[in-house]
Amino acid sequence: MIALENVVKSYPNGVGAINGISLHIKRGEFVFVVGDSGSGKSTLIKLLLKELEPTEGRIRVNGVNLSRMKKRMIPKYRRKIGCVFQDFRLLKDRNVYENVAFAQRVIVTPTKEIKKNVPDMLSLVGLAEKYKSYPRQLSGGEQQRVALARALVNSPDILLADEPTGNLDPKTSREIMKLLEEINARGTTVLVVTHDQDIVNTLKKRVIRMQKGIIVGDERESGYIG
Amino acid sequence: MFSLASTATMAACIFMFGIFFCIVENFQHFVREVEEGVAITVLFEQGTSEEEIQEIGDRISLRDEVRQVVFVSAKVAWESYKDIYFKEAPELADGFVEDNPLANSANLEIYMNDVATQQDLVDYISSMEHVRKINRSDVVADMLTGFNRLVSYVSVAIIGLLLAVSVFLISNTIAIGISVRKEEIAIMRLIGAKNSFIKAPFLIEGAVIGVVGAAIPLAILYYLYNRMILYIAMKFGILTNVLNFIQVNELFRTLVPVGLALGVGIGFFGSIFTAQRHLKV
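Keeping their order, the protein sequence lines are chains A and B.
Reminder that position 37 of the first sequence reads as 37 in this note's numbering, one-by-one numbering, no gaps.
Reminder that position 123 of the second sequence reads as 1123 in this note's numbering, one-by-one numbering, no gaps.
So here's chain B without its partners, still in its complex pose (with noise of 0.2 Å):
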């Protein structure tokens, strides 16, 4: 019967945490979305060749913070502006041909891992010849930095909240089992039992505990996901442009063993302490 309670309130923090991990999980993979598309501009000094701009696009691109650079030729810079700029009257730019008003504008597009670590990179690049401006987008940069902080200092927060209820409604059952088997645990110390025979009993209740309690939450939350993102694609059709969510199948293989692991650790450490605690030779 209490086992039966215990269960039940562990399934519920599972699926608390396993909605939180979800909603996470989600977050951060917009976030990475945005973050891959921000990128530094790097502007050179009149003269710098091309050869040079590529010479240290390379060695840019050797920084672990760096994801990938591109060198944009005064050539494909004046081809972009042209096709934002003279989209309606062509003619216009053709007066332009043999003059790109752009000549000294090749520049690399430098795309990060995180934006988090773009100030160290613009202040790497400051310091390199030749280079004359560098733009960048600090308020993208700092709000997504700020956001992604946030998301995680408040999934920790919520998520040991969860752990020391899970925990304590685990110790509680434990103890429970214990003074309900008071006599047989007496007599089981008169006859001489090992203080491992007489917990192991208790520990095991706690890992079966912990893995069907975290097993149903997993099976459902399973099946709600996949059936959110397809009611999501169905219906908001216009969202999945912009809110790209993570498959399935690719969330579910890190949920997984983490809730199961969680379920389980709860369940055997909460009655380890607990049995520690009541079961004295």
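The following block holds chain A by itself, in its conformation from the complex (with noise of 0.2 Å):
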């Protein structure tokens, strides 16, 4: 599903975000990535979504070489890929409904089908009775449950997830991973990246560990030791 080969990216003043990783994730699979700030986790994520272009190596996502993409096809790529930020990333001037229905509105889903799935969506992360409410006035669990729910309306392969607890409280950071590992048995690849010890060690999942941008560790249901 995911492959990366000697991959290295290099920002133009010369300093070496991801110096060259080679990694393989199958469709299915639940994937942490830890390691500290600057360890190329999040360059990661920008690859995987080409908002980077790698400096060397080649990526391929479900069989695509992401350096022959032409432009025009990055949208449609980017719609086979659901994300969730930190920063919940929600509209702050439409509320819980709108906000999900837009993911919709964008790839220009019919209005009948939208009024279908956005509840559904809803309902999945529990949140059907708040679709009135703003983003203002809901928790911070809440507003990544609507960035949950944002990412999935439009049934993507992949879920990249960038520090998806690191606004949360534990309890609230649990739930949200139970729903994550629910996405994932739904079928969807999951990836994470976090450095929340707690959470990658009660999941047990496979974990790739980085640092300074090479990946120092890969290991199946282990745990994280920061």
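There could be a bad hint or two in this list.
List of simulated lysine-lysine pairs, DSSO-like, C-alpha gap at most 27 Å [as the list claims (entries may be wrong)]: (1) A:Lys70 - B:Lys1194; (2) B:Lys1182 - A:Lys50; (3) A:Lys70 - B:Lys1182; (4) B:Lys1194 - A:Lys116; (5) B:Lys1182 - A:Lys92; (6) B:Lys1182 - A:Lys76; (7) B:Lys1182 - A:Lys132; (8) A:Lys71 - B:Lys1194; (9) B:Lys1082 - A:Lys92; (10) B:Lys1182 - A:Lys80; (11) B:Lys1194 - A:Lys76.
Simulated from the structure, these hints should not be mistaken for lab results.
Taking the hints as your guide, dock the two standalone chains into a single complex.
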């Protein structure tokens, strides 16, 4: 599903964010990517979203070589990848329903389908009753659930989560992780970038450890000692 | 808020354009009227028959720059002369009843579409057989041509300047709009919105600013122009004999589509360029 071969990413100022990594993630896997700040975790997410181009190496997602992808094909590619971030990135002037529906409108889904899909997705994340609320009226955990619903409403093959529990308390973090597990159980490949030791240690999933832009560990069902 | 300011500035620009358009169109209308009265008089050699003169007139009238050719026979020329110079003592002219002193003055009066082409026409007529002399008004022709050219240059310069200002303002508004909605645009990109989907609202915004910014000043100008013509007709009746203004409906038949097209065009293309520059995948 995701394959990186000798990927290097250096910024124009010469700083190397990723210094040659190779990695394979199978369809339906749940993977944690852990590491300190500056280890290259977020750069990895940006490369997978094709927000950044690798300086060297090859990235293949769903069998497609990202380096060879034409610019006009990028939107279509991103529709198959859901993503959530630490800061939720919700539209503050729209309510919960509109935030989720927005993802469907962007890909020009018929209104009839939007009216069916959005409530379904809000039920999945446990926010069906709060569909009229605005982000400012929601807790951090609820906002992250909305972001998850938005990321999943277009049925992506892969879900990328960049520090999804970074702004949440431990209890809410566990709820969000439980939700991610459920999503994974439905067949979506999930890649979570985090440095939350508790979460990683509790879930017992594959853990890829990064340090200074290289992979220093890749273990199945391992814990995380920061 | 920014859209409002932009619409107001666009309205001011189109208003200025409209005023200028009215002045230029009316001026050119006056010039055309004066031009229509300017004619070349062609005189012929002794012994040229009236049939020959009329035949030459027919040939001249085939030329593009010629609007009208009037044949003035010797008899008509004398009658006209007599009316002017023997007005006080018509009996003195009676002595010439049998002997027309202007027997060789049968001529052609040629009216042109554009006085600027006078020299070409004079050159052509000079080369024709039987032509003795050509009387023309170089001063009037040169003055009108020069004035016309000056007005055209000034109008192009001012309109160009106004267009540049409008494009700059629209571009600024759209750029501000893009920066205000930066977060929304970033989310759209992550979700997989196509470039056209992201740009569309800004292009529509630009076009709407253009339409509204053009419609308001056009309506105001329509009202003001109408009032001005009526006011001049009432207060300065004598002027209306000299300056014949274009009727409001006739003028706005051109100004409305031009003004609207200009507004929409500036709005649309101003936003396309800005969106192109600021919105890259």
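Non-conforming hints, listed in increasing numerical order
9
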